[in-house]
Amino acid sequence: MIHFGKAGDVSVDVSRGREGEASVPHEIDQSFLALPLRALADAALARARALGAEHADFRFERVRDASVRLRDGKPSGSSDSTDAGYAVRVVHGGAWGFASGVDLTMDAAARVAGQAVAMAKLSAKVIAAAGSDERVELAPEPVHADRVWVSAYDIDPFGVPDAEKTGLLAEWSGRLLAAKGVSHVDASVMTVHENKFYADTAGTTTTQQRVRVHPQLTAVAVDESSGEFDSMRTLAPPVGRGWEYLTGTGWDWDTELAEIPALLAEKMRAPSVEAGAYDLVVDPSNLWLTIHESIGHATELDRALGYEAAYAGTSFATFDQLGKLKYGSELMNVTGDRTAEHGLATIGYDDEGVAGQSWDLVKDGTLVGYQLDRRIAKLTGFERSNGCAYADSPSHVPVQRMANVSLAAAPDGPSTDELIGGVERGIYVVGDRSWSIDMQRYNFQFTGQRFFRIENGRLAGQLRDVAYQATTTDFWGSMEAVGGPQTYVLGGAFNCGKAQPGQVAAVSHGCPSALFRSVNILNTTQEAGR
Amino acid sequence: MSIVTSKPYEIVERALELSRADGTVVIADEDSTANLRWAGNALTTNGVTRGRTLTVIATVNGAQGTASGVVSRSAVTDDELEPLVRAAEAAARDAGPAEDAQPLVSGVPASADFTDAPAETSSEVFAAFAPALGEAFAAARAGGRRLYGFAYHSVTSTYLGTSTGLRLRHDQPSGTLELNAKSEDLTRSAWAGAGTRDFKDVDPGELADGLAQRLAWAERRVELPAGRYETLLPPSAVADLLIYQQWSAAARDAHEGRTVFSKQGGGTRVGEKLSELPLTLRSDPAEPGLESAPFVIAHSSGDASSVFDNGLPVGAVDWMRDGVLQRLLTTRHSAGLTGLPVAPTGGNLLLDGGGKRSLEELVADTERGLLLTCLWYIREVDPATLLLTGLTRDGVFLVENGEVTGAVNNFRFNESPVDLLGRVTEVGRTERTLPREWSDWFTRAAFPAMRVPDFNMSSVSKGV
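Protein sequence lines correspond, in order, to chains A and B.
Using this note's numbering, you'd call the opening residue of the first sequence number 1 and step up by one each time.
Using this note's numbering, you'd call the opening residue of the second sequence number 1001 and step up by one each time.
It cannot be assumed that every hint is accurate.
What the hints assert, rightly or not - Result set (BS3-like, lysine-lysine): computed pairs, CA atoms no more than 30 Å apart in a straight line:
no., chain 1, residue 1, chain 2, residue 2
1, A, K121, B, K1200
2, A, K74, A, K180
3, B, K1200, A, K125
4, B, K1263, A, K267
5, B, K1263, A, K180
6, B, K1462, A, K324
7, A, K324, A, K378
8, A, K74, B, K1263
I should point out that these hints are in silico values taken from the structure, not numbers from a laboratory.
The following block holds chain A by itself, in its conformation from the complex:
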């Protein structure tokens, strides 16, 4: 469940980064290191051991997230929240137990460990009552002692005065509002600074720090006489960078803001699409979300095994299909990784102490891998987890969450213009907007920020009321060409939802532009019965 992404020129090498390697110029915040992290961990793990836990892990988190919102250039809401606390998770009697707390005393940490063991005992009773013999076991992981990892950013956004943030958004809003045809502008920037300390009974201890930002602006046009309105949002994706992302590193804001008013005006005048089958050239700013929904979630093995069956759903890519399922055309190569520089799911070590890795999910169009955590890896015979455990707060249990799942560019592949040049009658899709997919990841429907008619290899103006609808394997099977590295962009979102209690994770998806043949296009006005 999600949001956003752009066409253009931000290229990322997803192979970069090695297991557990510390990156970058920043050090872990002293205010985090000053907390009694190791003492609390020792107290909790010792109590868990004493109570007979087969495994225990301790995680201290401090997550600060802030947002600034402007409406027509004026402050319309802000927030600055810090969630801090710790969690103890145990395997006891073959069952999971989890508890969290906030009191920073050794007694309290030990008490929380006791609560986790109590929850495991409660679980064991229910499991026994059901006549099940299922036991929780974890795939082994090398011990990573005293590891430190910091994400790649230049300027901590929390070191930038709020007045500077508000001022920049107000100035950008003013540029859009000054343009003819722009009635309203919504602007916002979300920033996150995340610290995690992890320790387990095997001896792994990791301390990590991540920073991410998500700026966005939406211009709205209203024709009061006709009652028509529409909007156009920036395509700049959320990224694992700092405030430098808003001041010229990684995105060309001036160019994008200058283009939006004319594009919005053209969209307001654009004809309604004629429903039917079209060839699509899908820009990375739109395709990342299709990858997220139809590949990212479908290759989560916990989902494929049914652990999310009552909520997020299952997957058509069932475990028995590993190595057999024809996912898409032979041009389709998809990786999972937790190592891409500036990736939103990039980490040094996951929330089970597993080092970040990169691996194949789809190779030459065939399903060859899954996203794993330690329990699921052990259950299904994998030798090792690929490091996809994540919890979004100290009060939530780690679950298997999405890695950066990315479609590889063709090494000598075409430009977006060249892809468009190969289409006689089609549509070029740019930017994400609406999205929905079924509980087994078959049937999806997406809209976008703008749709351009393609006639005889050239763009011929925008269309309105467009949605594309397909079945996952049909869609990826229709992928006839993949763009080159020059078209590759790392898109993503802050707000991928999964699990119960609900958790939110940030994730990136890199992809090139790509050409799909004969995809079903709906007219959304007709769908509304108008």
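Here the structure of chain A is known, so what remains is to put chain B in place on it, guided by the hints.
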């Protein structure tokens, strides 16, 4: 750092004392939760949590207007309190005039229990439920079925104090139970859910028995193509559609011409008839079993909320009465902008159309149509019409001559709830329901089943 020991009201009072701002709002939220999750007739994850979040809202007057700064921290200790208050003041000074600025609310009588300890939940809330769940697992295993689901209970005690003298408290228990049954081969699936305040009124065995019946209905499979069908939407599905409509009902957005509730030529559609049926959509914080906060609790400002309105009394409001749109969501600020009455967001939502018949009675009176179980992955396609897309899930049944005759494939739908209000031909009796799609955010709902003569099933989904 020290231990979190102070009582919530003492922290609120101390934060107010420390404040040097022109105005201050302090909100202390004491949360406790307990949950159980299961899959394939076995518990998977579980947990208990306990936490405190303190939110300080500082307002600072200036020549250009009043600014606000909002800072929240979990697990605040005594020595972190003053830095938190100063951070909120600094944020206000940095922010520039807030466009939603209003005088802070005053004159609301204090809550009698303001100085009392917070309410809380624990794993004990499942003391009777957990063994019953284990028995349901055993029965399902014996019957060749697999149970999946989630039970969640939370209690939040909110203490709100302001520099204008408000001292208010609200305790909010919330509970949800979701139960999903599947056949061993996973080709048939059924779902039931319930909202509860304390888990004393939910019986997993009874819900599981109902699901077993639905799985039995699905033993006969009927493939149907996309198209428009007479459809019976159960209360959960109706709630999900109309909750989204309510979230899209901000008066300011409508007034600015950018929602389905905008009027051509300017203004809003308040006063317009949306349904020929006598439908009333309302919120009431005193609704028995669905009680919610009787005053505004706003941790940040947004399109339909304002931190300046904290503590403002929330009463019963009819959003739609007898099919006519009566109110849109307003803050005091947006009420002034739009000329509409102040109508803060409610903590519950109810739809009543005077129907007396149960869903089973609606089925018995159906010649040929589809009976849905629930909807999923609902997303907005077009704000102009409020066109929504999503999926049917966990049971679409064919009704012929008043009886369920088999299970149908799932569909993707494209429909607008506003349009549905104009096309609905019958509603059943209103009952408490769990909105499946939005239950992470909204659980207090009472809705009737709804008969729509031409529901748009846009395409077939192979998903189960």
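Here is how each hint holds up against the structure:
1. A:K121 to B:K1200: Distance of about 22 Å is within 30 Å: holds.
2. A:K74 to A:K180: 19 Å, holds
3. B:K1200 to A:K125: 20 Å, holds
4. B:K1263 to A:K267: Given that 30 Å is the threshold and the Cα spacing comes to 21 Å, the pair holds.
5. B:K1263 to A:K180: 23 Å, holds
6. B:K1462 to A:K324: It holds: about 20 Å lies between the C-alpha atoms, which stays within 30 Å.
7. A:K324 to A:K378: Since the Cα atoms of A:K324 and A:K378 sit roughly 21 Å apart, the hinted pair holds (cutoff 30 Å).
8. A:K74 to B:K1263: 25 Å, holds
In this structure, none of the earlier numbered hints is contradicted; all agree with it.
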